[in-house]
Structures are given as C-alpha cells and as structure tokens.
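Given next are the chains, with one letter for each unit.
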Amino acid sequence: MSTEATPAGAPSSTTPRATGRVRDRAQFGMCAALALAGVVVIADASRIGHVTTSNDPVGPRAMPFVVGVLLIVVAVLYALDVARGGVGEAEAGEDVELAQPSDWRTVGLLAAAFALNAVLIEPLGWVISGALLFFLSAFALGNRHHVRGLAIGIVMSLATFYAFAIGLGVNLPAGILQGIL
Amino acid sequence: MDNVSALLGGFADVITPMNLLIALLGVIVGTAVGVLPGIGPAMTVALLLPITYGLPVEQSLILFGGIFYGGMYGGSTTSILLNTPGESSSVVTALEGNKMAKSGRAAQALATSAIGSFVAGTIATAAIVFVMPQIVDFAITLGSPEFLAIILVAFVGTAAILGSSRVRGFAALLMGLALGLVGTDFVTGQQRLTFGSPFLADNIDVVVVAVGIFAVGEALWVAAHLRRKAATVIPVGRPWMSKEDWRRSWKPWLRGTALGFPFGAIPAGGAEIPTFLSYLAERKLTKHPEEFGKGAIEGVAGPEAANNASAAGTMVPLLALGLPTNATAAIILLAFMSYGIEPGPLLLTKEPDLVWMLIASLFIGNFFLLVLNLPLAPTWAKLLRIPRPYLYAGILFFASMGAYAVQGQPFDLYLLLLLGFLGFAMRRFGLPVLPLIVGTILGPLFERHLRRSLQTTGGDISGLVGGPVAWVCYAFIAVVLLWPLVARVLGRRGDRGDDHHDGDGHSPSTPGATLAQYTAAEGPAS
Chain R
-6 MSTEATPAGA PSSTTPRATG RVRDRAQFGM CAALALAGVV VIADASRIGH VTTSNDPVGP
54 RAMPFVVGVL LIVVAVLYAL DVARGGVGEA EAGEDVELAQ PSDWRTVGLL AAAFALNAVL
114 IEPLGWVISG ALLFFLSAFA LGNRHHVRGL AIGIVMSLAT FYAFAIGLGV NLPAGILQGI
174 L
Chain B
1352 MDNVSALLGG FADVITPMNL LIALLGVIVG TAVGVLPGIG PAMTVALLLP ITYGLPVEQS
1412 LILFGGIFYG GMYGGSTTSI LLNTPGESSS VVTALEGNKM AKSGRAAQAL ATSAIGSFVA
1472 GTIATAAIVF VMPQIVDFAI TLGSPEFLAI ILVAFVGTAA ILGSSRVRGF AALLMGLALG
1532 LVGTDFVTGQ QRLTFGSPFL ADNIDVVVVA VGIFAVGEAL WVAAHLRRKA ATVIPVGRPW
1592 MSKEDWRRSW KPWLRGTALG FPFGAIPAGG AEIPTFLSYL AERKLTKHPE EFGKGAIEGV
1652 AGPEAANNAS AAGTMVPLLA LGLPTNATAA IILLAFMSYG IEPGPLLLTK EPDLVWMLIA
1712 SLFIGNFFLL VLNLPLAPTW AKLLRIPRPY LYAGILFFAS MGAYAVQGQP FDLYLLLLLG
1772 FLGFAMRRFG LPVLPLIVGT ILGPLFERHL RRSLQTTGGD ISGLVGGPVA WVCYAFIAVV
1832 LLWPLVARVL GRRGDRGDDH HDGDGHSPST PGATLAQYTA AEGPAS
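Each protein sequence line maps, in turn, to chains R and B.
Start counting the first sequence at -6; every next residue gets the next number (this note's numbering).
Start counting the second sequence at 1352; every next residue gets the next number (this note's numbering).
If you are wondering where the hints come from, they were derived from the structure by calculation, not from laboratory data.
None of the values given here were measured: they were computed from a predicted structure.
Heads up, some of the hints might be wrong.
Claimed, not checked - So, partial list: chain B residues that the calculated Cβ filter (under 10 Å) puts toward chain R: (1) P1388; (2) M1526; (3) V1538; (4) A1570; (5) H1576; (6) A1756; (7) P1761; (8) R1778; (9) R1779; (10) L1782; (11) E1798; (12) D1811; (13) S1813.
What the hints assert, rightly or not - Restraint ranges, calculated between C-beta atoms of paired labels, are given here: (14) B:N1554 <-> R:G42: 17 to 23 Å; (15) R:A158 <-> B:N1554: 23 to 29 Å; (16) R:W97 <-> B:A1826: 44 to 50 Å; (17) B:G1691 <-> R:A36: 31 to 37 Å; (18) B:L1697 <-> R:G160: 51 to 57 Å; (19) B:A1829 <-> R:G160: 49 to 55 Å; (20) B:V1355 <-> R:V69: 22 to 28 Å; (21) B:P1726 <-> R:L29: 52 to 58 Å; (22) B:W1601 <-> R:G160: 41 to 47 Å; (23) R:V33 <-> B:P1726: 24 to 30 Å.
Even glycine gets a Cβ: it sits at the ideal position worked out from N, Cα and C.
Hey, can you work out the whole structure from these sequences and the hints?
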C-alpha cells in the first residue's frame, strides 16, 4: 500500500488479490519461522514428563502440543496463501515511507546501540549507558547535532535516574558513578 | 440507582487535588503522544507501566484512563493535519478531515472532532455505568467452561475479524500463545520452553513483550523506512465552529456514538468497523452530498464520535470480563495484574471502589480534554514538527528503561531487542500486533480455565460443553471460521464475478478494502 495516497481511499492498490503468482517471496521465511516455532514447542513439550493426576487430568503437555500443532498448520496455510499470491500489507504510519527499500544500516546501528546499552548498563550505570543509547540512536537516525544529542541524552538519563529513585523508589543501576550520583 | 450512587462515590474519590492533577497529567501526556507520530496510546501506556511500581493503584489507573482518552483525541489531530493516520481507527477521519484542513477549514475539523469526542465519550462512559454491572451480574454466574468459550471468542475475534487477513491474524495469535507458555507450569512446576535458562523460568514478563512489540518494533520499523522529507503540516489556529457547523455536526455525533459503543463493547469489535459504518451512514444521510470527498464536516463528526464511543465501549468487556479488545485495554489489564488484582467478573465485587473511581476519572478526563484541546490545538500541532531522530531515540531510551526496571536484569534487554525484531517482522509482513498481545495475556488464563473445566469431569471432554453461553460462543466461532466458505457459496450464487478471488487470506469484510470497493463503485457515479 502506498503511503502517499489516502490509505483507504485509493481504489486500485488497497485490496491484495490472489493472482496465483507469488509476490514478495520473503514471506515464506515467516512461514518457515512459524513452522520452526511449532516444532520447537512440540519438541519441548514431549520432553516434559507425562504428569497427570486426578487433580489435573490435562497436565502441562496438552496446551503446548495444541499450540505447536496449530503453529505448523497455520504455517502451511500461510504458505499456501503466499503461493496463491497473497501479500500482507506492510504497516503504514506518519513517518513511514514504504516506497524506499529498507534501510538496514540504520536498523543495524540501532540494534547495536541497543545491545551496547544492555552490556554497559550494569558496569557503567544507567546514566552513562542510557545517555549513550540516546546519543547513538539519534545519530543512527540521522541527527548531526552531536553536542545537542549528547546533552539531551545526559539530561534524560539523569532525570529518569532520579525520578525512579525518588519518585518511584526503584533504583536503576548507578554503576561507576556510585557515590557521585 | 445503585450504580449512580456508586459512581458518585467514585467521583468523591477522584476529586482530590492530587488525583485531579494526575488526571490532567494523563490527558496532557495522552494527547501529546497521540499527536506525536509513531507513538500510539498503547505504546505510551506500555512505556509508562514501570510507574505502577511506585504509584498507588488508584493513581496509576487515573493516569492510564486519561492517556487512553487523550491518545484517542491526539490521533485524530494527526490524521486531520497530516493526512497519514497513525492508527487504523483514524483512517476514516483522515478522509474528510484532511480535505477540510486543506481547504482552510482545519479549525472547524478539529473543533467538531474535539466536541464530538467529548459528546461521544460522555454518553458512552455513562453507558458503561449502566451496561457494565448488568454484564457482571450475568458473568458472575458463569463457570470455567463458559469462560473458556468466551476467551476463545476473543481469540478468534481479534485474529479473524479485526485484521485484513485471517491466516496472518491466527499466526500472530499463536505466536502470542507460544510466548505465554514460556516459564514454569503453574500446576506441576514443570519448566516449559525455558531452555534451561533461569531468567525464562519466571515466565516472560508481558510488559517486556508489550514494550518490545509496540515500542522497539515500531522504532526499528520506522527507522528502516524513515521519511526523509518531513510531511507537510497544515497550520491551524484556535478551533471554532459556526452555527451552521454545529447544526450539521450534532446528529452525526449522536449517530456515531450509537454505532461505536456496541462495537467496542463486544469482545471482537474494534473501532475500524463502526467508524467506517458511520462514514457511510453520514454520506447517505447528508444534505450536502456534493461536499463528500471534498471535506464534509459530517464525515469528520460521525467517525470521530464512533471512534471515541467504541474506545469507551472496550471498557465494558475489560472491567466486566477481564477481556481486552484493543491494544490499550490489553495494557491497562496488565496494569491491573501488576498490582496483583485479578481482572474478571469478580473485579466489581472485590474492588468496587477502584472500578467506580476509574469510570469517574474517565468522565473527568473527558472534560479536561475538551477544555484543554480547544485552546491548545495550535500547540499540539507544533509537536508534529519534533525532529524524528530525537523522537525515535527517545522511544528506544524509554523502552529499555521500562523493560530493565521490571526485574533489573540486562537479560530482559536482550529479550526486548529480540521481541523488537519480531515486531519489526510482523510490521513488514502485515501480521497484526493485537492478537499476539491478546494471546500472550489470555493464553495462560485460557489454559487455567481449560484445566479447571476438565478437572471436574476427571478429564472427560464433556466438561468443556458448559451451558447455553458456551454454545452461543462456539456457534459464533463456527460462523466466523466458516465464513469464507459461506461467502464463496453466496458469491457464486449471486454471480458477482469479481468476488471469487477473495481467498482464505483476505476477508472481504475489512473496512479499508470494502471502503475502497465502495469508492471505486460509487465514486464516479456521485
């Protein structure tokens, strides 16, 4: 669906019709992931000992078995739909322009910034890791006012650190700044 | 009039300076984030869930109630001024609203949507007061088999009715159910899908799932497709309406409310269908058919009222049955649970003060919205110009803070990133997000009712049959599941050549698709 037109108003492009021709082959990856998830759920459930008591005739295995089997069934139906030309509409939004190809570089940088925060949050503390997360994410998204980005990040992480500690009584890790903050 | 006196008690609880301040804060935050592109009310409430660790339960519910209504209003501002609706429920508002704004009537479009939202919100909230206790009286007599059936209706409804593709809806639902399985079985203590990790043995916190799918997933998705050239924002002054606008608006408001509330209140309703129906109704009934498609005020007034009334309607199944029927309601349900309050039919009996206070705060929030939004509209419009790098960096910042605060473990941050990529993939492939959240929240509840139902019959399937309520539910589910088949047979008999291609994946009844067909068929004629 194009984002330029009114999302529901354009008569031509809105309803994906089954044309019998596979469009957007990457969808099969999603089907495979669903089937794999189904297999994992079933495998895990069969590992569980078969415990049923008079108190619990169903036992812990039934639900995962059902979910796992249904996951595989839906994966097959989904694949059939894709094979018949079905396409899921990618989500539109105010800031989303679907006409361009995906910008994997930005996504990768964001994920890296996010993971870096997870690594650093305990050793360095939230104030430093959070500020870095904000600064690096804004950079990845195209912010070129480095000083301003860093300043906003530091202000936000300090503010949230104290808001949590004083307002909510939850302590975010202070890390190496322990004793200073 | 027990309900009314209980409600007055609720008002008495809310009207303290501190609580009023929190309600005000709620509607301001709600409107602000509703206006901000990329952030919806569901994401906001998800990001604010950590607040529940520090605030008393009353105040966080007042806050969330305000955000719920505020977000709804803010969303319509965006769709009127930007013409790129963030939520599917404001798609219809954008149709006429943005045309009005482009022809210099932005102030009137915003005014009719603000006042219409107030009217619809007030009437619909009053309807909650009378409808909800009735449903509770009824629901309290239901046993586990009936509940099992009602939860199944919620599953099938969110997966098959709300989205545009049934198979994708079910895929999302099943992923949610699988996520809900992770952890320690509550009866036997067996570990399921934990892969030996002590972090997973505690179950995945639904807050992490919600924040990961809504916030991180959205930020990554937008990052991959960020609009390089900012969309043009139509400048607006203070909203106002002429006498003529009032005359043309009040009936659509009432009709929209009447359409919206029932759809919100049934466990598979949503706001898309009533807003669309309201648009069609106004288009049929208007005395100015020539204006439709060029900015007719009725086309904004009706759908906006329907949208708000349906949002209020979702409070009925939420408070009476513990069933969330939209994403924001799902997160409010989580807030209840994080205080150890079990949602369900017993909620009103166990926590009457809390429930009535929440409803009273909805009335008050609704009033604040009207008072705030008419004068502040130009300020809200400025929010649309916030630099996008800061906006989405901020979302990631608050998402990781919120997820970390749940348990204080960096593990949750890695999990959050993983779920963020799942949310990304879902947006990429057009899988709806709501069924996943509903599955994660209600899956464990479903299993509990299932095991309880079969416990009484010693495992015999007859334990699942239940009473008439369950039969109605199963009949409903059967109709929904078999609908494509029925539609195909009907389509063949009606000999409408173009309907044959509606395969399993694409339910022909989605508002967007139907609207497109409608405009395609009727557009040239009118």
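Structure-based check of all given hints:
no.	hint	result
1	P1388	3 Å, holds
2	M1526	7 Å, holds
3	V1538	5 Å, holds
4	A1570	7 Å, holds
5	H1576	5 Å, holds
6	A1756	6 Å, holds
7	P1761	5 Å, holds
8	R1778	4 Å, holds
9	R1779	6 Å, holds
10	L1782	6 Å, holds
11	E1798	5 Å, holds
12	D1811	8 Å, holds
13	S1813	12 Å, violated
14	B:N1554 <-> R:G42: 17 to 23 Å	20 Å, holds
15	R:A158 <-> B:N1554: 23 to 29 Å	27 Å, holds
16	R:W97 <-> B:A1826: 44 to 50 Å	48 Å, holds
17	B:G1691 <-> R:A36: 31 to 37 Å	34 Å, holds
18	B:L1697 <-> R:G160: 51 to 57 Å	32 Å, violated
19	B:A1829 <-> R:G160: 49 to 55 Å	51 Å, holds
20	B:V1355 <-> R:V69: 22 to 28 Å	54 Å, violated
21	B:P1726 <-> R:L29: 52 to 58 Å	55 Å, holds
22	B:W1601 <-> R:G160: 41 to 47 Å	43 Å, holds
23	R:V33 <-> B:P1726: 24 to 30 Å	55 Å, violated
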